[in-house]
Amino acid sequence: MNKSRSFKIVAAALSMAVVLSACGGNGGNTGQPAPSGSPDAAAGGNAPAKPGQVKELSLFIDASWYPVTEWKGPVADMITEKTGVKLKVTVATDDKQLPLMIASGDLPDLVFTSSNIDRLSDSKLSYSWNELIEKYAPDFKIDKTRIAIHTMDDGKFYTVRNSFATQEEMKNSKYSLGSDGNPGIAVREDILKELGNPPIKTLDDFVKVLGMVKEKYPEMVPLIMDKDWIEQYFLAQFGTETLLDGWYEQDGKVEYAIRQPKMLDFFKFMNSLYRNGYILAENFALANDQIDDQYATGGKAFAHSHTVSTADTDNIKIKSNQGNFSFKMLPSVLSKDAKVVSSGLGFSGTFITKKNKDPEASIKFLQYLASDEGKKLTMFGVEGVHWTWNEEGHPDFKYNPSDADFVNSNGIKWWYLYNDGVTEGMLSYVPELQKTQALMELKAVRIYKPELGLIQTQPDSQEKTIKTKIDEMVKNEKVKIYLAESEEAAVAAYENMLKNAENIGLQKLTDWANATYQKKKELFK
Amino acid sequence: MELETQPRSLGTGGGRRSILWKRFKKQKVLHLFVGLGMIYLLIFAYTPMFGILMAFKDYSISSGIKGIFTSDWVGLRYFDEFVHDYQFGKLVRNTLVLSLLKVIFAFPAPILLAIMLNEVKHMAFKRFVQTISYLPHFISWVVVVGVSYAFLSADVGVVNKALMAMGFTDEPLAFLTSPNYFWGLAVGSAVWKEMGWWTIIFLAAISGISPSQYEAAEIDGAGRLARIRYITLPGMKGTIVVVLVLTIGSILGGGLVGSNFEQAYLLGNSINNPTSEIVQTYAFRVGLSDGRFSYAAAIDLIQSVISVALIFSSNYIAKRVSGSSLF
Chain B
1 MNKSRSFKIV
11 AAALSMAVVL
21 SACGGNGGNT
31 GQPAPSGSPD
41 AAAGGNAPAK
51 PGQVKELSLF
61 IDASWYPVTE
71 WKGPVADMIT
81 EKTGVKLKVT
91 VATDDKQLPL
101 MIASGDLPDL
111 VFTSSNIDRL
121 SDSKLSYSWN
131 ELIEKYAPDF
141 KIDKTRIAIH
151 TMDDGKFYTV
161 RNSFATQEEM
171 KNSKYSLGSD
181 GNPGIAVRED
191 ILKELGNPPI
201 KTLDDFVKVL
211 GMVKEKYPEM
221 VPLIMDKDWI
231 EQYFLAQFGT
241 ETLLDGWYEQ
251 DGKVEYAIRQ
261 PKMLDFFKFM
271 NSLYRNGYIL
281 AENFALANDQ
291 IDDQYATGGK
301 AFAHSHTVST
311 ADTDNIKIKS
321 NQGNFSFKML
331 PSVLSKDAKV
341 VSSGLGFSGT
351 FITKKNKDPE
361 ASIKFLQYLA
371 SDEGKKLTMF
381 GVEGVHWTWN
391 EEGHPDFKYN
401 PSDADFVNSN
411 GIKWWYLYND
421 GVTEGMLSYV
431 PELQKTQALM
441 ELKAVRIYKP
451 ELGLIQTQPD
461 SQEKTIKTKI
471 DEMVKNEKVK
481 IYLAESEEAA
491 VAAYENMLKN
501 AENIGLQKLT
511 DWANATYQKK
521 KELFK
Chain E
1 MELETQPRSL
11 GTGGGRRSIL
21 WKRFKKQKVL
31 HLFVGLGMIY
41 LLIFAYTPMF
51 GILMAFKDYS
61 ISSGIKGIFT
71 SDWVGLRYFD
81 EFVHDYQFGK
91 LVRNTLVLSL
101 LKVIFAFPAP
111 ILLAIMLNEV
121 KHMAFKRFVQ
131 TISYLPHFIS
141 WVVVVGVSYA
151 FLSADVGVVN
161 KALMAMGFTD
171 EPLAFLTSPN
181 YFWGLAVGSA
191 VWKEMGWWTI
201 IFLAAISGIS
211 PSQYEAAEID
221 GAGRLARIRY
231 ITLPGMKGTI
241 VVVLVLTIGS
251 ILGGGLVGSN
261 FEQAYLLGNS
271 INNPTSEIVQ
281 TYAFRVGLSD
291 GRFSYAAAID
301 LIQSVISVAL
311 IFSSNYIAKR
321 VSGSSLF
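Quick note, the sequences are listed as chains B and E, same order. Residues 1 to 525 in UniProt numbering are what the first sequence spells out, letter by letter. Residues 1 to 327 in UniProt numbering are what the second sequence spells out, letter by letter.
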């Protein structure tokens with residue numbers, strides 16, 4: 001009796017488990033590829049999706065700071081409506097996560113990355129766009145320059161970066177100014193006033209003002225810098241034509257950044273900022289990119305080095321905290337040497353991985369984002385709701401594009417898995433904003449040399465190893481220069497850095513870079 | 001083990017086998033435990049070792065697991081590269097210094113605490129101290145480092161505020177961002193976090209000492225310090241030696257308090273890098289960030305060889321000096 005009863009209980013439990021696991025199985029099935037789109041959808045990929053046909057693709061965003069983490073908001077909804085695709089988004093916890101995923105073969109359907117473009121441009125890891133376009137989206141047209149930039153040694157291209165525009169394209173688009181991703185420094189307006197509004201027309205003027213702040217407001221940090229925007233503004237003022245890990249060109253030959261003669265002046269300048277107590281040593285060890293914002297908006301810093309939109313974004317935050325001060329941008333050009341060379345090939349690109357369960361839907365999804373309608377929808381928001389088109393050739397916004405909270409919560413801009421620098425540059429054209437002014441100044445001194453950006457090391461190559469080692473070394477050694485106790489010590493540390501680079505193989509790398517440069521230059525002729 | 005189950009000779013084979021079988025059946029639960037442990041080691045410790053091969057090969061991650069066997073041999077190229085790296089000296093020095101400091105300071109700490117706790121006669125207080133001291137063991141390093149920022153940061157840290165308020169220093173001390181403080185910070189926080197946990201094993205050793213020895217010593221007029229010296233410490237000797245051998249075996253990982261990697265990775269930054277970068281973090285960086293698995297494998301292999309050499313030599317020395325050893 002007892003036995004049969006317990007048998008019944010076990011049987012009941014078992015059957016329940018079976019039912020439950022069946023449910024689980026069904027749940028899992030919703031992630032399976034749905035039958036591919038109707039013929040209408042194939043034609044251009046922007047036919048409205050029928051309800052129930054929405055496909056979910058997984059997307060990994062290789063940028064831990066990414067402001068949108070979920071596929072929601074009016075822009076995302078509209079894209080889903082147009083393409084029948086929605087995304088299940090994962091944002092990286094750190095920069096090691098994607099390399100780890102590649103190593104373990106655990107890749108999602110789509111990957112959006114900037115630092116692992118080389119590595120994912122590999123036929124073993126990703127589908128090439130040539131193949132997918134030919135097969136599924138023959139009318140997806142991409143211009144020659146972009147294809148040339150992204151074509152690997154195997155003759156195929158695996159992604160196209162966003163945020164890229166050629167010099168021509170930028171010249172032809174008066175209202176496209178460039179993205180937020182340009183360096184800028186904002187200073188406290190009220191304190192400047194209390195100091196008697198000293199003019200800031202040169203770098204020396206700026207340093208003098210920092211000194212006045214230090215003297216009059218000893219509690220304050222004269223200059224706080226975002227951890228990722230420490231060097232850029234000053235490098236531009238010194239006219240180095242490159243950041244610390246790039247190439248610059250002179251008389252037809254390329255050289256590595258740290259060998260640029262003006263680099264030493266830049267390092268001495270940074271070191272003097274530290275020795276005078278205008279910047280904090282801790283600034284070079286900030287664990288995240290929020291700390292500098294807290295200094296600035298909390299009233300603990302006079303100047304804030306970040307991007308061209310710093311003043312606008314800081315002011316919005318200060319206002320919402322009921323602060324009674326405001327920031328204004330320094331001129332983008334503070335020296336006659338100032339020069340900005342754009343060797344950029346764009347920011348990030350989307351990869352359709354070999355684990356993708358629906359490559360057809362994926363390439364069509366990107367095709368929609370690449371259409372004029374798609375680009376504007378992603379970058380500006382929903383037409384009529386967020387913006388209207390001005391006949392002059394730019395959008396008139398119904399919101400402030402520098403209001404990060406509004407932009408992020410509505411999913412504006414950040415779904416630019418495919419876009420271009422011209423469209424993105426228009427997001428900055430808001431006549432009343434400070435950033436617009438800063439970007440216009442920058443546009444005036446900007447030179448385009450994308451052929452420099454094409455000096456890219458191939459994955460697993462010897463050059464890549466050398467370059468990575470040098471960059472890693474520079475990352476460690478530059479801090480020693482910045483924080484040197486005297487100018488002599490700074491110069492010695494700089495020379496030591498050069499010597500290290502040479503020992504690692506800088507000359508070999510430079511020779512290789514020159515050979516590559518000569519070859520790639522032809523692409524732009 | 002297998003050797004023993006083999007019959008020595010045909011004549012007595014049958015009898016021996018049945019005796020062994022009987023004994024095995026009697027101990028089957030114990031064998032089950034041992035078996036599970038061995039299966040675990042086989043799967044998670046021995047099987048992955050084939051990956052060591054890649055240290056000698058020109059391996060690329062895109063060739064998958066198969067690539068470990070199919071890629072070209074390069075001999076000792078990666079070993080050579082590491083030894084000639086401009087950071088080699090710094091990395092080895094930092095690893096050794098950090099490890100040695102941990103042995104010197106972190107190894108005696110739980111022994112001392114155990115002896116002191118043993119002398120405490122107030123049971124409630126003893127339990128209270130014991131609990132408080134071993135709880136940090138359960139906090140992860142990520143959390144410990146996060147908390148340490150609140151305490152030690154030069155700008156907002158409580159410790160600096162207190163030091164300045166009490167007039168010990170005019171300028172805040174850059175605990176987290178100066179190469180001068182990293183080793184102290186790492187050793188101090190490791191001792192704080194793990195001391196209480198290791199005290200448990202030493203207290204267990206002490207409780208195994210017969211109380212009659214203490215009574216006899218007291219009658220003979222031994223004071224408290226003499227009792228500790230002549231009874232408690234000799235009673236703990238076996239445990240101390242075993243723990244010491246284990247510590248030295250894992251010395252490059254931080255010894256008994258471990259966590260060299262976690263500390264160097266989480267507390268390290270570009271300013272304290274001259275003292276905080278160690279071999280493991282370097283291998284992690286080049287291996288994962290740069291995807292150079294062969295090179296990283298070679299670096300770690302060098303370290304493993306050193307560790308194995310250390311454990312054998314310390315075991316040998318322990319056997320010679322004290323008579324007790326691990327194997």
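Treat the hints with care, since some could be wrong.
[To be verified] Away from chain B, derived, C-beta distances all over 12 Å, residues of chain E: (1) S60; (2) N118; (3) E119.
[To be verified] Just the calculated beta-carbon pair ranges, DEER-fashion: (4) E/V97 x B/Q322: 49 to 59 Å; (5) B/D405 x E/E171: 34 to 44 Å; (6) E/E171 x B/P198: 25 to 35 Å; (7) E/V83 x B/N276: 39 to 49 Å; (8) B/D106 x E/Y86: 30 to 40 Å; (9) B/E134 x E/V83: 21 to 31 Å; (10) E/Y149 x B/D106: 23 to 33 Å; (11) B/D106 x E/S18: 46 to 56 Å; (12) E/Q213 x B/S64: 39 to 49 Å; (13) B/S64 x E/P179: 20 to 30 Å; (14) E/F312 x B/S461: 39 to 49 Å.
Think of the hints as simulated: they come from the structure by calculation, not from any bench. Glycine included, each C-beta is placed from N, C-alpha and C at the ideal position.
These are the hints, each one checked on the structure:
1. S60: violated (5 Å)
2. N118: It holds; E/N118 is separated from chain B by about 42 Å at its closest Cβ, greater than 12 Å.
3. E119: holds (43 Å)
4. E/V97 x B/Q322: 49 to 59 Å: holds (51 Å)
5. B/D405 x E/E171: 34 to 44 Å: About 38 Å separates the Cβ atoms of B/D405 and E/E171, which means 34 to 44 Å holds.
6. E/E171 x B/P198: 25 to 35 Å: Hint holds: Cβ distance 29 Å, inside 25 to 35 Å.
7. E/V83 x B/N276: 39 to 49 Å: holds (42 Å)
8. B/D106 x E/Y86: 30 to 40 Å: Holds, at about 35 Å.
9. B/E134 x E/V83: 21 to 31 Å: Roughly 49 Å apart at Cβ, these two residues miss the hinted range, so it is violated.
10. E/Y149 x B/D106: 23 to 33 Å: Holds, at about 32 Å.
11. B/D106 x E/S18: 46 to 56 Å: holds (51 Å)
12. E/Q213 x B/S64: 39 to 49 Å: violated (60 Å)
13. B/S64 x E/P179: 20 to 30 Å: Holds, at about 26 Å.
14. E/F312 x B/S461: 39 to 49 Å: holds (40 Å)
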